[in-house]
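Asker: Sequence:
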Amino acid sequence: MTDETPDRRSRGGSRRQFLKGIGTLGVGSLGLPLLSSDGRAESGPAAPEKFHVTGREVIKAKIRPDTVTVTKRKSSDDLRRRYGISPPVLTKTETFDRPNAEEDDLPLRDTQTVEQDWNTYYAKEDEWKDHFQPTGVSTQSHAPAEEDHPYGIWEYEAVDGGYETAAPMNIISEQSTGDVADVLTSDGWTTSVVQYDRYAWNSGIGEFQTQHKSAATGTFGFLGRKHLKMWFFDGYLSGSAHIDSSAPHEATSFDDAEQAIENTFDDASGWYGYEDYYYMDNGYQLDHDSYATKLIKY
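Just so we're aligned, residue 33 is where the sequence shown starts under my numbering, counting upward by one.
Don't read these hints as lab results, they were simulated from the structure.
The structure presented is a predicted model; accordingly, all values stated were derived computationally and were not measured.
Some hints could be false.
Claimed, not checked - SDA-like mimics (lysine to any residue), calculated; alpha carbons at most 25 Å apart, straight line:
hint	residue 1	residue 2
1	156	127
2	156	99
3	329	280
4	156	189
5	82	218
6	92	119
Whole structure, please, built from the sequences with the hints as guidance.
Answerer: Now the structure itself:
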């Protein structure tokens, strides 16, 4: 694809000109319409409504001198209706080593609990595969979001044999994960990241895959950090950028991390961050606006 790079204005004010003389985008190499009538790139439908679940989520972080253990308990009557689960509860526990407790500023021992609404899309792996599988009819008749576009749309969490949409993708590029990570590490980030494993759908081979590379402003992020998880499928990079809280380590903002990464690439030699380039149609979780910023190398 050709990168369009016009003069534009960001949230923070005027922006420098990227390159002169670049023509207006039309149709990309995959035949996808890249720009809508307002100059932004379009995507297609989001996750299927039949996978929509709502309920409550309780997250408990047990902080000990050597480890932090996070247990998530998700409950919804939709689970009982769809799978006959009784009680209708999904549970997942993850434990992280805490090598330098005297330096991470968490209490030596504590238990912290967060209770919040659970509003997501959840299905078993075979259900997702059936949904993404082309049926031989037009994309207007069968429009799985992950299949219709070169970029991954969602970051997924594996829970009790299924996958739920955990976070929106909000960073895209046609450069490698290593190239993107190199720019971030030059700005003080690290690729040595302790994190929850998350997944993206690789439509080329029809399977979920864990993150291919990550970068963050701290290895452990016990006090919070900026964090980017990346996947690279068939020449296209998709990334989920967010601000992590301290334990239990949940996302508190997507937009702030996306904008911080854009600013880093604007300041990097030979790069440019194109704000809100691609309409992902992947919801409005927290402060996400359903658009992704594109990282462009010239």
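Asker: Look at each hint and say if it fits the structure.
Answerer: We went through each hint and held it up to the structure:
1. 156 / 127: holds (24 Å)
2. 156 / 99: With a Cα-Cα distance of about 30 Å, the restraint between residue 156 and residue 99 is violated, given a limit of 25 Å.
3. 329 / 280: Violated, at roughly 36 Å.
4. 156 / 189: At roughly 11 Å apart (the allowed maximum being 25 Å), residue 189 and residue 156 satisfy the hint.
5. 82 / 218: Roughly 44 Å separates the two Cα atoms, so the pair is violated.
6. 92 / 119: holds (19 Å)
Hint compliance for this structure: hints 2, 3 and 5 are not met, and every other hint is.
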